[in-house]
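Below, each chain spelled out in residue letters.
Protein chains: 2
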Amino acid sequence: MDFENIARKAKLAALAVAGIKTDLKNLALTNIADALEKNKEKIFEANKKDLLDAEKLVESGEISKSIYNRLKLDENKMRDMLQGIRDIVKLDDPVNKKLLIRELDKDLTLYKISCPIGVLGIIFEARPDVIAQISSLAIKSSNAVILKGGKESINTNKIILSIINETLDSIQDFPKNLLQQVFTRDDVAEMLKCDKYINLIIPRGGNKLVKFIKENTKIPVLGHADGICHIFVDETADIDIAANVIIDAKTQYPSACNAVETLLIHDNFAKKGELLERLKSSGIKLDENPDIWAFEHGDITLAYKTVQSLDNAIEHINTYGSGHTDCIITKNQENAEKFMNNVDSAGVYCNVSTRFADGFRYGFGAEVGISTNKTHARGPVGLEGLTIYKYRLIGCGHVVKDYVNGIKHFHHKDLSV
Amino acid sequence: MDFENIARKAKLAALAVAGIKTDLKNLALTNIADALEKNKEKIFEANKKDLLDAEKLVESGEISKSIYNRLKLDENKMRDMLQGIRDIVKLDDPVNKKLLIRELDKDLTLYKISCPIGVLGIIFEARPDVIAQISSLAIKSSNAVILKGGKESINTNKIILSIINETLDSIQDFPKNLLQQVFTRDDVAEMLKCDKYINLIIPRGGNKLVKFIKENTKIPVLGHADGICHIFVDETADIDIAANVIIDAKTQYPSACNAVETLLIHDNFAKKGELLERLKSSGIKLDENPDIWAFEHGDITLAYKTVQSLDNAIEHINTYGSGHTDCIITKNQENAEKFMNNVDSAGVYCNVSTRFADGFRYGFGAEVGISTNKTHARGPVGLEGLTIYKYRLIGCGHVVKDYVNGIKHFHHKDLSV
Chain A
1 MDFENIARKA
11 KLAALAVAGI
21 KTDLKNLALT
31 NIADALEKNK
41 EKIFEANKKD
51 LLDAEKLVES
61 GEISKSIYNR
71 LKLDENKMRD
81 MLQGIRDIVK
91 LDDPVNKKLL
101 IRELDKDLTL
111 YKISCPIGVL
121 GIIFEARPDV
131 IAQISSLAIK
141 SSNAVILKGG
151 KESINTNKII
161 LSIINETLDS
171 IQDFPKNLLQ
181 QVFTRDDVAE
191 MLKCDKYINL
201 IIPRGGNKLV
211 KFIKENTKIP
221 VLGHADGICH
231 IFVDETADID
241 IAANVIIDAK
251 TQYPSACNAV
261 ETLLIHDNFA
271 KKGELLERLK
281 SSGIKLDENP
291 DIWAFEHGDI
301 TLAYKTVQSL
311 DNAIEHINTY
321 GSGHTDCIIT
331 KNQENAEKFM
341 NNVDSAGVYC
351 NVSTRFADGF
361 RYGFGAEVGI
371 STNKTHARGP
381 VGLEGLTIYK
391 YRLIGCGHVV
401 KDYVNGIKHF
411 HHKDLSV
Chain B
1 MDFENIARKA
11 KLAALAVAGI
21 KTDLKNLALT
31 NIADALEKNK
41 EKIFEANKKD
51 LLDAEKLVES
61 GEISKSIYNR
71 LKLDENKMRD
81 MLQGIRDIVK
91 LDDPVNKKLL
101 IRELDKDLTL
111 YKISCPIGVL
121 GIIFEARPDV
131 IAQISSLAIK
141 SSNAVILKGG
151 KESINTNKII
161 LSIINETLDS
171 IQDFPKNLLQ
181 QVFTRDDVAE
191 MLKCDKYINL
201 IIPRGGNKLV
211 KFIKENTKIP
221 VLGHADGICH
231 IFVDETADID
241 IAANVIIDAK
251 TQYPSACNAV
261 ETLLIHDNFA
271 KKGELLERLK
281 SSGIKLDENP
291 DIWAFEHGDI
301 TLAYKTVQSL
311 DNAIEHINTY
321 GSGHTDCIIT
331 KNQENAEKFM
341 NNVDSAGVYC
351 NVSTRFADGF
361 RYGFGAEVGI
371 STNKTHARGP
381 VGLEGLTIYK
391 YRLIGCGHVV
401 KDYVNGIKHF
411 HHKDLSV
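Protein chains in written order, with the working numbering: chain A, 1 to 417; chain B, 1 to 417.
In isolation and in its complexed conformation, chain A is listed as follows:
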């Protein structure tokens, strides 16, 4: 089937699913979790096939051992995946929320109501658990999806989506073609061009994938390419807080996008030597004044330099950072305020690890991704990021002429939602 046809069907599914009730969506999600659980041996079997093919690619050096590990779906990952779906059932429906009720005039009432975005294009790499997670988020937020997974997990992706779609087909009144999958590079190229039908692209994968997508589409992209996070140790920093926070931000999970990459230390910070010693003892590899500042190591390497002032630190971060998450360690309230005001990042932290930048830790219950965009959604994005709103205006024959001619007047009275 050609891509445009798939996209057109997705658009129709999106229109059909917009009015689906919360109960029906939750029933679908519960049934999906049950069906995946019941069929888990089939899924493991398909995954074994993918792993066998991948072994050859690891041997020939085409894929890394870490991709191979991410590809593997074991009992633990399966349990987390099923729990993830069941957790989404418990979340508030993000659609049909009244965001504003405003009486414009007598019997003329405006409602701002949250609604789904429409059709999402999801492009993800080796992790096969993403397909179940994204499908569940789409169902809960009443969006249609076209999925393109990594070729390494093709068998696992196929079996998971077919179980999900069989489950949806068995539910009366549930719209068809809500979740569709494509497989080729050509499909990706078509998806990125398809702004007629696709409203939002969400890449789930490495820096290179996200960069490629952002550079090759006019469709809005939700995500981040780089995670160049900074910690600035101010002159009044507490040495213990500084050491603990930096060690956590660098070593707790070094390949995460919210791990710290660059340490800036105020020249007047008296315990600089002691701090660097403690970081080294924790296993961190310090790199003083490297050639490139905007670099995501993804390991325990930490670039660092001394700065002359808070302003210099802010300037460095706004120049070399990626607008993801940056932190100041300080006891000075005024400096903390200035840092958080002037650093132009999705997360601006004071005296805490950058690793907190995460939808679950923020209490969103689910995470669609982390965005460094300056429009729509920024930072960790929950289900709300998959919605927009529409305005309903209900009257009884109201015409604009009466207001232009001064016969009637708006009174703009907000009612409680």
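Keep in mind that the hints were calculated from the coordinates and are not lab data.
Fair warning: there could be bad hints in the mix.
No distinction is drawn between identical chains; accordingly, a pair holds when it is met within one copy or between any pair of copies.
Calculated pairs, DSSO-like style, for lysine-lysine (alpha carbon to alpha carbon, straight line, at most 30 Å) [as the list claims (entries may be wrong)]: (1) LYS331 with LYS21; (2) LYS90 with LYS148; (3) LYS338 with LYS401; (4) LYS151 with LYS218.
Computed from a predicted structure; not experimentally measured.
Position chain B against the provided structure of chain A, taking the given hints into account.
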């Protein structure tokens, strides 16, 4: 000066203006209105020069008489322009609003705070009052702007912006280069490519301009190309409401984007003949089953056709509409609900004129534009549409390791904002 240099300066201005206090912004706006008023004769003079040049272009057929009229800045338009700026002073500051305060754990508090987007690229056509309006909206929302106006109003634009910038320069602590202007087609091409520095493009002008911009940039564009608005007269419609609303929506200001273009009438609506007669008497030119449905007439022509059902009407609108504003005339509550749920437009109306789709009528106090996007902002956009948010997280040495190891637990308690 080359465009990248201008854009870089805009970015620095955006970073500097982010922390500016509300009082200072309001002072700037008041001073700008006063300065423009004081210098209005100079502005009229520059405008006369533009009008003289434009006369020749009207004669040679290069520009239309209506562009010429929009170009003209008279006492009335000047008064409205100044009032517009003073009205923006009275609006709430959209920046630095606490959107969420959540205690993640003891002494670990997350704040979601509204903040400016950064650098806006504004491309507008002949109306010289736009430059004062957009500059004021940008100042109030703490965004930097690069403006590109129509070449027909170049002298008027230059004098207005120079008066505004002289005013800003005279205010101590007000950041430099917040409002810059460019003049050539090459600048537009550079602007559309400049996603490194420009965060949002706002076109203010006709359909062709907006389409061109949307097709030639990866930067988010706020706006709408088409306004193909529909009114559907259901079988239970009140004839008086139907006639009044359609006449208002078509004739009150036919060239507006929220004017109705297509009338759909339910086949079972008994008073169809009477309705069409009343529309004709009002001067509306009815066009039955035209060749093209998705067409914005901009005059008193109204395309119409009979549909067999509510579903057919919804399908027609979702196929040929532009997602702007669409209305059902009905006494049937259930049909109204279905229409407003299933029509995928920014405005879904019941028994009111589509002409209400407007930021001032919605009570936003100012209008940035009307958006048919499915992300960020949809429908009439007020100052809020020029903001995004950032997350502040404040703790005292909190590390993620403690939560992963189960030593500490999130309690996610929302505090009132």
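How the hints compare with the structure:
no.	hint	verdict
1	LYS331 with LYS21	between (50 Å within a copy, 24 Å between copies)
2	LYS90 with LYS148	within (27 Å within a copy, 49 Å between copies)
3	LYS338 with LYS401	between (50 Å within a copy, 28 Å between copies)
4	LYS151 with LYS218	both (25 Å within a copy, 27 Å between copies)
Of the hints listed earlier, there is not a single one the structure fails to meet.
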